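One-letter residues, chain by chain:
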Amino acid sequence: MGCGRVGAALASMLDQDGHDVTVLDTRAEAFRRLPPEFSGKRHVGNGIDQDILARIGVGQADAFVAVTQGDNRNVMATQMAKHLFGVSRALCRIYDPIREEIYRGLGLETISPTLVGARLLKETLDRQPAPAGQES
Amino acid sequence: MYAIVVGGGKVGYYLARELIQGNNEVLVIEKDGAKCERIAQDLGDVVLKGDGCEAATMEVAGFGRADMVIAVTGDDEDNLVSCQVAKVKFAVPRTIARINNPKNEAIFRKLGIDTTVSATAAILSQIEQELPEHPLMRLLTFKGGGLEIVEVKVPPASAVVGRRIRDVLLPQQSIIVLLVGQDGTPRVPTSDTTIQAEDEVLAVTPTENEETLRNILTSPPGGSEPGSSDPGYGRPGPAGPYEPYR
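So the sequences go chain by chain: A and B.
Positions in the first sequence are counted from 1; adding 26 to them yields the working numbering.
With the working numbering, the residue at position 123 of the second sequence is 121, and numbering never jumps.
For reference, chain B alone in the conformation it holds in the complex (with noise of 0.2 Å):
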């Protein structure tokens, strides 16, 4: 396989000297000298000094035989460029790039990056796992519709405690599939299941609904959870929401 490689940064650096133990072929597009210099030491004839966006380069470079694209320097900008010149211009089968801002995974696949990898979103996600405790954990986003699964943590002092499912008024959507008590028991929940203090909750929700569904299983009663004052508190309001379990 062909890989081309833009940016040498650490990144770049270790992503080539993997590709290069795996018996590919590769070649990392680098404008900054000393560093080009600095890989051409460690891992041989496998750097060019250029602008990896720039067609000219590319042309020397060979993207037009390459199978593969990395794009792997700090800026966001650059990488799309240089993925979609590829796809573009070259035909580059494949085209993967790193982003920075975890937001722009959306816009990249929408303008036809085939893959991105975030490490800013990997070692997010790393450390609310180890947090001892997250209110809100993503287990798993569906990419194709804005759905994910969720784990919430109910804490004690939740206006939820004791209550039933049936009785919690949950956003649009929103559905709540097991819950996990305190011992590791897990129960698959009915309308009449009540929600028990330290409860791990696991519930599908729509990507904009997160937040909402978090507040709502962990805010204090009067806390920020809609209609908390009212005395028909948990009661469905007219445009009551899609409720799985009736």
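Looking at chain A on its own, in the form it has when it is part of the complex (with noise of 0.2 Å):
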């Protein structure tokens, strides 16, 4: 669910791993990101409207992943894929760290691009720059 940059090389790499692949955004524009040989399954509407998720077959699905630019979005349709569609991993985007806790404490599969970026960039500073000489 969201087709932005992260949904579509997601949604291209699972593909390309052989997967049935649905992939879901509000704007049927944002499916331009998918690479041409995509070969999964384009659906045009709102991740957060139950008849939707029910529409596109969420209750079939082994999972479910929210990554649309909202951060209560992803919270809202990735908690009505685990308890209304049963489905057994249910993957959210939480930008805020706090909220990502809060849900993960919920039981949610939670990342925080914001940490994981932040500790990312920071480990890059800690370690030793490249020889005087070498571009880095």
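Please keep in mind that the hints were generated in silico from the structure rather than gathered at the bench.
Please read these numbers as outputs of a predicted model, since none were measured by experiment.
Just so it is clear, CB atoms sit at the ideal spot from N, CA and C, and this is done for glycine as well.
Accuracy of the hints is not assured; some may be wrong.
Facing chain B, a subset of chain A residues (Cβ under 10 Å, in silico) [stated by the list, open to error]:
#1 74
#2 75
#3 76
#4 77
#5 81
#6 82
#7 95
#8 96
#9 101
#10 110
#11 114
#12 127
#13 128
#14 129
#15 135
Take the two lone chains and join them into the complex the hints point to.
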């Protein structure tokens, strides 16, 4: 759910691995981010509407991933996938680290790119700089 | 009582005004600066500019000592998260969420929101009652069991007119509990009671069978009623329905 840069890249990777992938976005033009060889399904619709989730077959899915720009939308859709449709793996991107912690505590599989990104940057900074005379 | 209202739109504004008049301590949280100013002008120093789902803002607003959080923004997802964070992180005893999509009621309840209020559902039910020809009206929904009491008006062309209740194939677990004739006389039905044109049928039915029940009671012969083209019309099939009258 959410065909932004991350959503499109993830969908494409899963598709290449041979999974049966469905992408949902509220705007059809978002699907332009998918590569031409993408063989999965594309659906236009709002992922926090349970009728839409039912229509695209979330009940039969092995995993659901919410990566829209809205933390709250991701949280709501993921909880619906998990608690209404019984999807066993429900993953959710939450930018706000505090909300991420709360929903991890409530049993969602959550990722905060804010924390992950900050940690990566710090690790890179902490590393010894490349030897002089060499472009890093 | 200390009540925090999340969302300073029209609903939030009037709600805050009523709560203040009821001598409650009230704080409205609103993202939009212009709306905040308007509330502050009209209602005084009762507004905080910020995001009612953001823990830092919630801390400042004093969610920790709130008796009640009422989330009334126009977005169901924001109302849900605001109430969930209030419950989980700040242990607010009572959370109320406005929902715009009436279908969200069940999932909100499942996710721990104490009360949901759906303006859409309220307006819809009001409109249904105002309409002269309402094919099916929900009189009462039982929260726990998925059962409801409905009222269906039997049109003169319906296939069930003139038939005894025992001969009408009702959906699973649906029972006709009362018939009200055109003149307003109620009849407690037995299996031999005949359904007449313009009868108002009161029935108990599981929510998922509501549509089937309505079809059976209102469709003309040869309509969508199952088995209507069968000469043994109305005879319960091998997997017969639940029949409380026999």
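task: With chain B as the partner, please determine if residue 127/A meets the hint condition of a C-beta pair closer than 10 Å.
output: Interface hint status for residue 127/A: holds (9 Å vs cutoff 10 Å).
message: Just to be careful: measuring from the Cβ of residue 81/A to every Cβ in chain B, is the smallest value less than 10 Å?
response: violated, 13 Å
Given hint residue 95/A near chain B, where the shortest CB pair must fall under 10 Å: Since chain B brings no Cβ nearer than about 12 Å to residue 95/A, farther than 10 Å, the hint is violated.
query: Does residue 75/A pass the interface hint, meaning its C-beta sits closer than 10 Å to a C-beta of chain B?
result: Since the shortest Cβ distance to chain B is 7 Å, the answer is holds.
message: Does residue 110/A hold up as a contact with chain B if the rule is Cβ-Cβ below 10 Å?
response: holds, 6 Å
- prompt: Holds or violated: is the Cβ of residue 77/A closer than 10 Å to a Cβ in chain B?
  reply: holds, 7 Å
task: Let me know if the C-beta of residue 82/A comes in closer than 10 Å to any C-beta of chain B, holds or violated.
output: violated, 16 Å
When the least beta-carbon distance from residue 101/A to chain B is tested against 10 Å, hint result: holds, 6 Å
Satisfaction of the residue 129/A interface hint, Cβ to chain B closer than 10 Å: holds, 8 Å
- request: Classify the hint on residue 114/A as holds or violated, based on whether any CB of chain B lies nearer than 10 Å to its CB.
  value: violated, 17 Å
field: residue 74/A as an interface hint toward chain B, with CB separation required under 10 Å
entry: holds, 5 Å
- request: Identify whether the interface hint at residue 135/A stands, where standing means a beta carbon of chain B within less than 10 Å of its own.
  value: violated, 17 Å
When each numbered hint is compared with the structure, violations occur for hints 5, 6, 7, 11 and 15.
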